Structure formats: structure tokens, C-alpha cells
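As they're listed, the protein sequences go chains A and B. Residue 131 is where the first sequence starts when you use the numbering used here, and the numbers rise one by one after that. Residue 131 is where the second sequence starts when you use the numbering used here, and the numbers rise one by one after that.
Rather than coming from a laboratory, the hints here were simulated on the basis of the structure. This structure is a prediction, so every number in the text was calculated from the model and none was measured. You may find that some hints are simply not true.
Just so you know, same-sequence chains aren't split out, so a pair can sit in one copy or run between any two.
Claimed, not checked - Dumping the calculated SDA-like pairs for lysine to any residue here, alpha-carbon to alpha-carbon at most 20 Å:
no. : residue 1 : residue 2
1   : Lys390    : Pro296
2   : Lys390    : Pro309
3   : Lys217    : Leu335
4   : Lys149    : Phe176
5   : Lys149    : Thr170
6   : Lys373    : Asn413
7   : Lys390    : Ser214
Number of protein chains: 2
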Amino acid sequence: MSRTSDVPLYGGIEAGGTKFVCLVGRDPTDIRAETQIPTTTPDETFGRVIDFFGGHQPLAAIGIGSFGPLDPDPSSPTYGYITSTPKPGWANTDFRGTIRRALDVPIGFDTDVNAAALGEFTWGAAQGLDTFVYLTIGTGIGGGAMVGGRLLHGLLHPEMGHLLLPHDRQRDPFAGVCPFHGDCLEGLASGPAMQARWGQRAETLDPDHPAWPLEAHYLALALVSYICVLSPQRIILGGGVMKQAALFPLVRQGVQALLKGYIRAGEITEHIDRYIVPPGLANRSGVLGAIALARQAVRNE
Amino acid sequence: MSRTSDVPLYGGIEAGGTKFVCLVGRDPTDIRAETQIPTTTPDETFGRVIDFFGGHQPLAAIGIGSFGPLDPDPSSPTYGYITSTPKPGWANTDFRGTIRRALDVPIGFDTDVNAAALGEFTWGAAQGLDTFVYLTIGTGIGGGAMVGGRLLHGLLHPEMGHLLLPHDRQRDPFAGVCPFHGDCLEGLASGPAMQARWGQRAETLDPDHPAWPLEAHYLALALVSYICVLSPQRIILGGGVMKQAALFPLVRQGVQALLKGYIRAGEITEHIDRYIVPPGLANRSGVLGAIALARQAVRNE
Numbered sequence: 131m132s133r134t135s136d137v138p139l140y141g142g143i144e145a146g147g148t149k150f151v152c153l154v155g156r157d158p159t160d161i162r163a164e165t166q167i168p169t170t171t172p173d174e175t176f177g178r179v180i181d182f183f184g185g186h187q188p189l190a191a192i193g194i195g196s197f198g199p200l201d202p203d204p205s206s207p208t209y210g211y212i213t214s215t216p217k218p219g220w221a222n223t224d225f226r227g228t229i230r231r232a233l234d235v236p237i238g239f240d241t242d243v244n245a246a247a248l249g250e251f252t253w254g255a256a257q258g259l260d261t262f263v264y265l266t267i268g269t270g271i272g273g274g275a276m277v278g279g280r281l282l283h284g285l286l287h288p289e290m291g292h293l294l295l296p297h298d299r300q301r302d303p304f305a306g307v308c309p310f311h312g313d314c315l316e317g318l319a320s321g322p323a324m325q326a327r328w329g330q331r332a333e334t335l336d337p338d339h340p341a342w343p344l345e346a347h348y349l350a351l352a353l354v355s356y357i358c359v360l361s362p363q364r365i366i367l368g369g370g371v372m373k374q375a376a377l378f379p380l381v382r383q384g385v386q387a388l389l390k391g392y393i394r395a396g397e398i399t400e401h402i403d404r405y406i407v408p409p410g411l412a413n414r415s416g417v418l419g420a421i422a423l424a425r426q427a428v429r430n431e
Numbered sequence: 131m132s133r134t135s136d137v138p139l140y141g142g143i144e145a146g147g148t149k150f151v152c153l154v155g156r157d158p159t160d161i162r163a164e165t166q167i168p169t170t171t172p173d174e175t176f177g178r179v180i181d182f183f184g185g186h187q188p189l190a191a192i193g194i195g196s197f198g199p200l201d202p203d204p205s206s207p208t209y210g211y212i213t214s215t216p217k218p219g220w221a222n223t224d225f226r227g228t229i230r231r232a233l234d235v236p237i238g239f240d241t242d243v244n245a246a247a248l249g250e251f252t253w254g255a256a257q258g259l260d261t262f263v264y265l266t267i268g269t270g271i272g273g274g275a276m277v278g279g280r281l282l283h284g285l286l287h288p289e290m291g292h293l294l295l296p297h298d299r300q301r302d303p304f305a306g307v308c309p310f311h312g313d314c315l316e317g318l319a320s321g322p323a324m325q326a327r328w329g330q331r332a333e334t335l336d337p338d339h340p341a342w343p344l345e346a347h348y349l350a351l352a353l354v355s356y357i358c359v360l361s362p363q364r365i366i367l368g369g370g371v372m373k374q375a376a377l378f379p380l381v382r383q384g385v386q387a388l389l390k391g392y393i394r395a396g397e398i399t400e401h402i403d404r405y406i407v408p409p410g411l412a413n414r415s416g417v418l419g420a421i422a423l424a425r426q427a428v429r430n431e
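Only chain A is shown next, with the shape it has when bound in the complex (with noise of 0.2 Å):
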């Protein structure tokens, strides 16, 4: 755990609704430490937060990728905080405001989908992009975008899970899980919704069993939503829900199809294996992101 003085170390957090993955380094291949902590109540998992890093001191900076929603203007009264989430316990927490307090660093302060995109933009699979959506699927569905080479906030920041999409009933007449859309993408193609669709955890699912071409298609709708949005130069799918290898081919051979060749861009027609793409960070995307933030905060100051 040595280190010189002029090579500064970062911290990173990746705060989910079930864990908080904290990584101290300075970029993927240097790697000084790295725990996951349980998201109990804002008290104990923010306590345990600063015992790690504070056994890491000093740190020239901490970024954070956060669950949301959040509060990711500068200039708010309430800039990072955690808002409106439903989780119990959450809501309205200053969360970028206790671990500054605590450790006296700036803090670099996000969505964790965006600290995702961060990351992959920096070390990963969007190097070299200026507009590009990186899209988790997991307990939940987000997404984050860099958009010219900066991160996507606009009014607030996207909820790209809560797109609404064609859903045929006949096909499908599961009503979704989602508590506020039913079912929207997320309430339809997250985790939950699928193990409540078909009584079993989605990573339990066999290959060749009927969920995964009805998920390839609800995720290539989405796509599609985003490419007319947004014109992303490349999409990145990462989370639990992907490791399904069987699902990149079907959401590309989807897109390609209910895009019907309109978009003549030989990315898409041609090449769309290197356009829907996993991350190249694999399930670091976010936490190195947050590093990727902290790094950001210095140069902010």
C-alpha cells in the first residue's frame, strides 16, 4: 500500500440500493484497495464509507456515482443529495455534503449511470467517443450519456428505465413491475420484472428459454428510442441482466429490424457488433467512473 508523494490516489464509490463498492486507486491498472459495504440506513452505510477511505488518507479526491434520483446541479441548494428514491430511508440525504464534511476533499458527485459512462469514456469501451449511452440492466434500468464529451444532465439527469414502449398484450400480458409506470422498460425488461414474469431469477434462465427474445426485443425498442433521441455513436449494455451472452446478438438483430434501415449509418447496418457492445470496464464501469469523477473534482477546483 505505498505510494510517492506526487502521485496523488483517488477515491470512488458506486452507491447502489444494495451495496456501496468503494475503490482507492488512480485508474484501472492501479488498484490500492476495494470493499463492498451493505446499503443499511444513510447513518451506518455513510459511516462505514468514511472508516474506509479515512484509512486511506490523504486522497486528492472522492467521486461519487449515485442511485437516484438525485441532485446533480452545482448550483442547487440541494446538489448532492439523493431525492425522491422510494427506498426507505434515503430520500432527501445529503450525501455528497457528509462525506465532504467527514474526509475535507473534493468530491465529484453523479449518477452511477453517468459515473458508468465516465468511466467507459476514460479507460473502457466509449474511448475516443463524443456522444455515446451507456445503459445498465439490472435491479433496475438506467442509463447515462456523454453528449460533445460531457455528461448528460439537462433539467436533472435522463431516466432512460422509465421509457414507454409498444408492449403487445397478447404476446406478453404481464402488467410490469414498475411503481409508478407499470409497465414502462423498466417495469417490463428489469431483473425483478423478469423473475416475476417467469417465477425465476433471470440468471437462472436457461439460454434458449422464451426470455430472452422477449427481453432482446423490449431492450432493442428502447435502443431504438435512444438512437432517434440522441444519435449515440455507440451503446453500451452492462448489469446483471447481460450476462445472458445469448442477449447481444438478439437486441442487435432487433434493432436492426424495427429500424428497417432508415438510419443509413454503416455502424448500425454494417457493424452493429461494434455499436451495442458490453462495457470494457465489465462490472467496474461505475466505481472506476467514480474515480474518473474524482479526478474531474480536482481539476474543478
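Starting from the known structure of chain A, fit chain B onto it as the hints suggest.
This is chain B only, laid out in the frame that chain A set:
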């Protein structure tokens, strides 16, 4: 038609499938000449455009906002071309190069809807915003956007009219008119779609005709997609179909009803009348945006 030598004039072209609107001036308060030229063949239409602007030289630059699909990538060999349009005679047309060679001035080039977005940003309803959408609903449906203060391009340019949306065929058995996708947004909600469904032109339908709540429903579904993917700070709705004043309140109510309070931004939950708005430049967003493209082209030379 006098001008002082130190105040340059610009040309703007809003190129549509029916007509080209050409304007000479500096901004909305200083318009020196304007004309409309029918869209016939490229040779004839470009010839008349060149004659018009040739009579107003010297111009500092000309901006073009064109129907598409087109190639807006300055690094591409077909930059400035209209590419894969189904409009007879117009596919693979070197729009930018033809105008540039004839008039020997810098040329700004983008989609008609990106030009309109830039016009609204510069002088209209999007002044001071960072991230917003301009959507036109008329003969076709198309969207432009600025994100982080820049016009959105990405892979090519957005195709916001070709979103695939929930289509309740019991409520609306109409199959849609899009030659590519059938019942995409443009297929269900453009002016020609309304005319085909109801047997009369949209502008002749009474304000209490059932066409309008259905139209508002499709537009609200599309706007929810733009909000989930792009998180715009405002959405501007222009084009001939939006001239029906009854439509704006219906679309606003539809968006709120579909989002179900999930995106807790006062702009949507409280002040949606300032969030979904008509253009500030009325029907001149596109051609004035082309003037703004011309001004950018001078800076980029």
C-alpha cells in the same frame, strides 16, 4: 436595401420538401429580403436560390437548414449532402457544395430542425438554456436539440419523428403512414397521418374533434421519451399541426399524466405551461436559425 459596409449581412435557407425559404438579413429585427422557392428539382431550385442570393451580394456567409436525412459531419466526404431522402431526385445531392461553389461564401449546414433549435436559442424561446428540444409537427415530424449549448449530432443527427410508441389499436386502428415504420410517431401523428385517418386536412378539423385528444396523446408519449432520454430544460413545439391552439394544453396534461410525478422538477410538475411552449420566432425559427448558422460559419472560418 441600403447597408453600411461594417455590418455584414447573411443569407439563410430553410430547405423543406415543398419549398425553400430564403432570407437576407442579420437577425429578427433586421430582415432585408425574403422569398419562397418551390422544391422542384435540385438543378432548378438551387439555380433560383443562387440567383436570389447573387442579387444580394456581398454576403458574409449563408446558413442552410435542410430536410434530410443529410450528412452534417464536416470530416465526412459527403459533408453537406442530402443523403437517403425518399424525395425523388434529391437523394445524394451536394447541397452545401453547390451553393458554396456558386456564391463563394462560408456555408453553415445542418438539419432544418437543428437550425430551428439554434434560431430559438439565439433569439426565441430557448434563450439562455443549455439543453432543450425543438420539435416540428407538420408534413413530417422532426426534432433538433441543443445539449450543453451545442447542436446535437452524435452519429448522424436525431430522428425524433421515428420513435416507436405504444399504439392502442383498439382506440386507434389506423395503421400509420410512415413508409419505413408504419406506426412510428410520424406515421401516427404527422399532418398526412391525421389527414389519412380522418379524411380531412388537420387544419380543417374543429377544435373539439376527437382527432385532437388522440394527437395530443401521441405527442405526449413522444415528449415523455425525449424527457427520459435527453432531460431537456424545455420543449418547443412548432409546425403546422401545432397551430391548433387546443393542442398545447392537451399535450401538457398528457405529459404530466404519463410521467405520474416521477420526475420531480417544478418545470414539469408546476410550470409545464413554460416547459412545453410554442416557438418564440413563430414560423421563422428555421430560416432565422439558418441566419444563426451563417454567423457561426463566419466564426468557424
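Here is what the structure says about each hint:
Both within a single protomer and between protomers do Lys390 and Pro296 lie at most 20 Å apart by alpha-carbon distance, with minima of 17 Å and 18 Å respectively. For a Cα distance limit of 20 Å, the shortest separation of Lys390 from Pro309 across copies, 10 Å, qualifies, whereas the shortest one inside one copy, 33 Å, does not. In this homomeric assembly, Lys217 and Leu335 never come within 20 Å of each other (Cα to Cα): the closest approach is 28 Å inside a single copy and 47 Å across copies. Taking the shortest Cα distances, Lys149 and Phe176 sit within 20 Å of each other inside one copy (11 Å), while across copies they are farther apart (62 Å).
When the C-alpha separation of Lys149 and Thr170 is checked against a cutoff of 20 Å, the pair qualifies only within one copy, where the shortest distance is 8 Å, while the shortest distance between copies is 62 Å. Within a single copy, Lys373 and Asn413 get their C-alpha atoms as close as 10 Å, which meets the 20 Å cut-off; across copies the closest is 50 Å, which misses it. For the homomeric pair Lys390 and Ser214, the shortest alpha-carbon distance between copies (13 Å) is at most 20 Å, but the shortest distance inside one copy (39 Å) is not.
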